[in-house]
Structure formats: structure tokens, C-alpha cells
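Keeping their order, the protein sequence lines are chains L, E and U. Residue numbers for the first sequence follow the working numbering, so the first one is 33 and each next one is one higher. Residue numbers for the second sequence follow the working numbering, so the first one is 16 and each next one is one higher. Residue numbers for the third sequence follow the working numbering, so the first one is 86 and each next one is one higher.
Be aware that one or more of the hints could be misleading.
Claimed, not checked - Below, simulated DSS-like cross-link-like pairs (lysine-lysine); rule was C-alpha separation at most 27 Å, straight line:
| id | chain 1 | residue 1 | chain 2 | residue 2 |
| --- | --- | --- | --- | --- |
| 1 | U | K421 | U | K109 |
| 2 | U | K433 | E | K180 |
| 3 | U | K516 | U | K171 |
| 4 | U | K109 | L | K367 |
In case anyone wonders, no lab produced these hints; they're calculated from the structure. Note that the coordinates shown come from a computational prediction; the quantities given were computed from them, not determined experimentally.
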Amino acid sequence: MWSLSGITSEINHWLYESFSPFWAVTIEMALVCVLVITLFAVLGLILVLMERKVSAYMQIRLGPNRVGPKGMFQTVADTVKLLVKEGLTPAGADKVMFNLAPFIAMISAMLLMAPIAFARNFQIWDLNIGVLYLSAVSSLSVIAILMAGWSSNNKYSLLGAMRSGAQIVSYELSAGLSLLSIVVLTGSLSVSEIIQSQADGWWIFKGHLPVILSFIIFIIAVTAETNRAPFDMAEAESELTAGFHTEYSGMKFALFFLAEYVNVFIVCAIAATIFLGGWMPLHIGNWEGFNKIMDYVPSSMWFFGKTFFLIFVIMWFRWTFPRLRIDQLLNLEWKYLLPISMVNILLVTLIAIMKWHF
Amino acid sequence: MNITEILFWFLTALAILSALMVVFSRNPVHSVLWLILVFFAISGHYIMLNAQFLAIVNLIVYAGAIMVLFLFVIMLMNMNSDSEPQKNKWLKMAGTVAGGSLLLILVAALKNSEVQYQKVEGAQGTIGLIHNLGKTLFTDYVVPFEISSVLFLSAMVGAVVIGKKD
Amino acid sequence: MNVIILSAILGVIMMYTGVMSKNKSTARYVATAGILALIGANWLEFAGVNFFNIDTRGMLEFTSFGLVFNLIILVCTLVYFLLSGKDLEEVGANAADYFALIFFILTGIAIVSAFKTMLMLFIGIEIISIPLYILAGSDKKNLRSNEAALKYFLMGSFSTGLMLMGIALLYGATGTFYTDGMYLGLGNITVMKMAGLVLLMISLGFKVSAVPFHFWTPDVYDGSPTVFTSFMATIVKAAFFIAFLLLFENAFGRMHSEWQFAMALITAATLIIGNITAVFQQSVKRMLAYSSIAQAGFMLLAIFALNNIGKQGLILYTAAYSLPTIGIFAVLMRMKDYTYEGFNGFAKHQPLLAALLAVFLFSLAGIPLTGGFFAKYYMLVAAMKNGAMFWLVIIGVCCAAISVYYYFRIIQAMYFREGADPGIQVSEGFKTVLVLTAVLVIILGVHPDWLLHLLDN
């Protein structure tokens, strides 16, 4: 059975044998950079296509079907179009900030990749407070959005950015609290330890109702945090033309677009890691035989399978629920989700103290 | 000069430069963004001291929440260099002299300070790790920790009182 | 510890009272009952009964000085609730929340009267300050109230920043937060420690509105709803003084001679500016704001002198200044006209209230047979005992003489001028409480020892 960790340790060995440690580290960093950027591009292509196909499926139509077999190269064609398009900067805009904003959006999305374990022993940076790091960095994307909205010097953009800011800052709370429930159960903030703690079953099965509840809250909160329908107040087309990226075109628009999809991927990866065991195969307590069989499926398959399932669920939301009004959106968070998650975390703490979980 | 020192000087220069830019920017929105950069640089310093928890909390609280609210308010107020009130020339001068004197004293205080020869705990330090921090917070400092909840509660009550419609 | 925990709990209870009860006055009754409970709890702690056995690791130390101070504060708050509770309900729709904030402030006061570390000092000062910003701006429709809140908030946060900076410098220099553990003796003074001391002195000077950090005081006191001005100018101000005194005694006591001259300058400036500016005010409310600065000058003498008599004097001063001021404000709140002319002919229409007001004003001016006399006397004796800088005592005496002028202007207006009926309605209960307060002030003036004897426990 091949594994990604074998490849990485192989490369690591070779680098340290051939170069001095300083250069080895530098080359490794460069490799990681290239890999992350490639992953970004590939994810963007796949997710956009997936979005269009899923929406077509939901609406009983075909979706893209001209470029390539079954329209598989449609997004490639779109990308080429965006690349050659002229990037406009409005006259009244704050030039530096306007041009900087898309890159900050991208960078904050890229930074989120660091503690995610894509497969067994395949993780960029296993820092001891991975979960906190995730919630910290994911809150930074709002700065890019606010910058973009403000510097465009356009009312729609500013309104979109404001909505987005209010939304992200408030939904971050319940997202953080639901992540915390698993942290309480495992007693560790490190992503790899959280995955290890699910070796005898994923937390969503082990933690009874409170964990299921926090999983649901987390999914709702991250849907709002990534500004996706039914919470896409920031770019509500019918109200705000295109929200904070109204004035963007060409490659800069593409970057925002890409960052949004990559953010969706990352939050789903986080949910899969924290609640569904990440790369950990489906294990059930001490059913040795069953667990052995499950181990034959490569760990990266497990990870991407869970993540893409969650992405599918989030896309499903988009074509199922109508958009909320901004006041309903904030009411939902502050009057329902936040109190529920606060009570929930107490319940989880009780479970953790009494050792009622499996 | 090893890589730690290079990083240290880079972060320090970045922090000071951004802090100066916070003050010198004409546009308040730019000031806030520079301030965010200052927090990033300081978080970098925390990481170099192996205080990862502090670094991340610094980002969550300041860059992620407080600064976003700052940006929010300033963007809504739509302030720019035109709406900046013109201050009296003498007042500016007096401010410069007073601030300069304060700077002088603080620099003098730190220059001959007793901490000068104590070496900073570098990457080997463990005091900033969440494990030790949590332990200290809930044993030695548990009373201030709990009492600060009264502070937050009163701030919360106050915010509700101010925000509520009469 | 009793008071700290109970009053925090009472704050939460008050919040629930606001939600549970539609009747406005319920909150006032609950709050009054709560303050009585707090007085009981404080007394029990004084007698050695602790409800909670908490190991604070030496961060809080409940001395008889702090407990007696707390007792006075709580009694003053009781008087304040009884006299002005009804007016407090009229400020906005959130009476219960205001009471809750006041209980949180009492928590903060209990902390600053017992702190042994800078950490506790900071938390205590912040717990006192933040609710005050809200209370100053509670009259939301009134622009002047908004201005007061904003000004107080901006200035207050700035001074808090200075305080944090000072604490940080001291922590950097000594490596500890404990005021006793800093060992800031005469032999080892460095620039860093001195800078920390100066920053703390500035920020606390700001909080007690000492000149030259007093510029916020008149605007804030004048703009806030009068009922909260009354609270801010008396109880809270005294609390900041106890923090100031305890910090400078415990942490900087051994380097007294280093900062004494600076403190003397601040005290002299506060006395002179406060009194002279008060003379020129036309509004009684604003005059009381400046008079609070002037009185702060006298209280600063205790910190300047830093001896036992000064500490006793501060206790006495807290009672002899807070009680009359609360009484005057309680009457002032019912007046339509806040100028001196508004008091014209007051004695004819409200003879009892006028007589009581006269007693209170006598106490503020420091006339013998009222509490204010002994308070000022103790302060001046403390400064004299200290030995150094005798000129400060002379300034103090002169300023006490000046203060008589503006306090007596009210008495003159009340008794020797003709005027229309101010038409104020007061209940019998209000009068009774006011009479009792006046009796308390006179007892303090005749026989202050019973209060000071408590300190010897």
C-alpha cells in the first residue's frame, strides 16, 4: 500500500543528505509553496466545475457540456478568459488597497492550509495549537473583504463588505465554540492529536447528541463565514450587484473567486478533520477485522472523500434554502446559535468530565 | 547572524515602521491597516519566543476582532484627510515637545534598565505554551481571572444599556 | 471577600430583576435590600466571619482599614439609594441595569480597598471605571450626556493606558506584581522604576481629578445626569483615593522622599485651581464639580503625608465629604434651576430642607461641629506631622477659607434673598433620611473617634 508519508520522508532524507540543513529547509519550504499553489489551482478548477454540475443536477439540467468531455474543461476555458481580461481599477479607488485586497484574501486562505492533515503523516505544520490557529487565520479573510469593499469607492461594495464583516465576526463565535467542544473532549488543540483520538471511532459517533449538535452548528456557521448562500449577504446579486467585488474584473476578480472556493474547501476539511476523523478510516471500537478492512482504503481517500461530501452538502444548501435577510441572519446567530452553542459546550464539558463518551 | 536574528530584526523593523505609519498616515483606514500589521509583527515575536498560544490569541483578539470593528466604524464614518480638524500650530509644537520628552525619558529608562543584561528565553522557553499558561492561570492567578469576569459582565451590561432602545 | 463576591452576585440579581419585574420600583427595593445585605456581610467580615474561604495567594488582603472604608462606602451608597433611588429610575428605561452597574462598581471598590498586587489594582480600577462611562452617558437623548460619556471614556481609557504602561515598567524592573514584593527602596531607584511611578501617579491623579489632570471633571460632572454625578463625585472618587493611597503606601512608601515634592506640587495646584475656579461658577452643579476637585486637593494631603493620621483622615474625609455631597445633590436634583438664583428664598418655602442643606454646606466648608471640620483638621495635621513642606499646610488653610465663600453663597441665597417657591415635592421618607444623614454628619463633627476606633481592631 503506497502512502504519501513515505514519499515525503524519502524527499526529506534525500534533501538532508545532499544539502546543508539551511538549504534543505529552504528547498522544502519552496516545495511546499509550489504544492500549495498547485493545490489551489486544481481545487479552484474542480470546485467551480463541481458547483456548476451540482447546481445543474439540482435544477434538472445539464450544466456545462461543450468544452471537453461532458464539459470537463469548462473552468479551464473560463480561467483563460479571466486571465486575458483587462483588470480595471476605478478612478476614485484607493489604488494600493484595491490591488492588495485580492492577494490578502488568497494569502489568508493559503495560510489555513498549514495545519490540515491531508493524509497519514502528511501535514505541513503540526503546531500544538492547530485548532486555535485555524480559527484565528480564518477570521483574517474579513480584512481583505473590508479592504476590497472600502477601497472600491462604491456604495454597493462598501455595503457588501460591511455585511460580510458583521457576518464573519459574529458567526466566528459559534464556529469557534463548536470546535472547542471537540477540544474539550480530546484535551488537545493539536490537529494530529485530535485525529489520533478518533482511532476508535469518529467524534460524531462517539460524542452523543452534543457533538452532533456542534457539528451542525459548525456547518451552519462556516457556511455563513464563507459567505455562501443562504448566507451570501455580502454579494447578494439582487440587492448589491455583486457586493464587495463589484468593481473587480479580470485576474483580481478570479483571485477572490478562487479564495472563496478554497475557503469552502478548507472549512469542510476542518469539519471533516475535527468531527469526522480527517484521514482516519472508519473504525468501530474493537472490531479488529472491520477496522483492518477499512485500513486498506488509503488515508488520503478518506480525507478527500469526507471533505468533498461536506462540500457537496454545502452546495446542496445553496440550491435549497432561500437567502436570509441581514437582520434575520444576525438574529439567527446571536439569539439562537450562540446561546445553543454555549449551553452545548457545558453539556460537552459534562460528558468529558463524567467520561460518558465512548 | 543566524536565521533567528535575521527574523528578529526583520520583525522589529516591521513593527516599528508600521507603528510609525499608524501615526503618520493621513487616512484613518490606512492607519488601522498598518496597526493590523503591527499586531502581526508582534505575533511573530511571540512565536519566536515559543509563545504560540499568545501569538494566536493576539491575532484572534486584535487583528481578527477588534481591528475589524475599528475598520467597520471608520469605514462607515467615511473620514478622510479633508475632514481632519486643523490644529493650532503652537498646540502641535507643544505636543511634539511633550511627546519627545516622554520618549526621551522612556528611552533613558530602558537604556539603563536592569533588564538589559538578562537574556530572553528563546525558542527553548516553555512559559508561553498553552499547557503552562493554563496551569498558571488556573492556579496562581485564578482569583484575578475569575474577577475579571465581573469586568466583562459589567462591560456587557453597559453595552446593552447603551445600545437598547428606550 | 464577602463584599466582592456578594456584590457581584447582587449585580446579576439586579439584571434579572429588570427582566422579571415590570414594576419600576421593584429594582429599587431589591437594590436597597441588597445594600443592607452587603453592609451586614461587610460587618461580619469585620467581625471575622468569612462566607468564602478563598486562597487569593496574597493578592487581596482585607485589613481593618479597607473594611472600615468599605463600610463607609456602603453606608453612603445606602443613603444614596434612599435619597436618589427614585430619580435614578427616571433617567431611562433601564433602572435595574443602572443598579446592576452600581453593584459592579461596589465590587471594584471592594477590590481596590484590599489589593496587594498591581493586577488586582488594575482590574479593580477598570471595574469601577467602565460602568461609570455608561452611567455618564445614560441619558441617551441628551447631547451633553453623550459628550460627557465620550469625553470620560476617551480620557479614562487614555489614563488606563498610562497606568498599564507604568505597571509594565515596574513589572519589568522588579519582576513581580506584588506591591510588597517590589522592594522599591531608596537605595535601588532606577529611571525605569521612577518612570513607572510617574506614570502611575499621572493616571491615578487623573482618576481622582487632581490638577493638572482635571480638565475632564467639570464637563463630565456637569453633563452626566445629576443623579449619577452625585455618585461619581462622592463614592467613586473616594474609592480612587483609597487605591491611590494604598498603592503609594505599599509599593512606593519606602521611596517617599523621592516623589513627595511632585505630590506636593499636585496637591497645591489642585487646592488652588479647584477653589479659585469654583468661586467663579454660576451653576451650583458646576460649582460642586469644582468643589469636588478642591476637596480632592485636601484628600491628596493624606497621600502626600503618608502617615497614620493621614489614613485616619482619609476615612473621616470619605464620610464627611460623601454624605453631605450626596445630600446636596439629592436636593439639587429636584430643583428646576441649577443656578444660585434658583435657591433664592429657599428657606422661606422649605425651611427644613434649607436647614439641612446649610448643615451639609457647613460640613463641606469645614465649619466646626460638622464632620468636615475634623476631616480637614486631620488632613492638615497629617501634613504638618510630616514635617516637610510647611507651605502646603498654609495653602490648605487659605483654600479652606476661600471655599467658605462659594459654599456660603448658597446659604446666603437661601436665607437672605427673596425668591419664588421652587415648588419641589419631597416625601416624608426623604426628609427623614436627610435628617438622619445630617445627624450623622454632626455626630462625626462632635465625636469622630467612634469611627476611628473601628480602625484599631
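Please verify whether K109/U and K367/L have alpha carbons no more than 27 Å apart. Distance ~26 Å between K109/U and K367/L Cα, so the pair holds.
Proposed proximity, K180/E with K433/U (alpha carbon, max 27 Å): Given pair K433/U, K180/E is violated - Cα atoms ~43 Å apart, limit 27 Å.
Does the alpha-carbon distance linking K421/U and K109/U stay inside the 27 Å limit? holds (24 Å)
Please work out if K516/U and K171/U have their alpha carbons no farther apart than 27 Å. holds (14 Å)
Comparing the model with each numbered hint stated earlier shows that hint 2 is the single one that does not hold.
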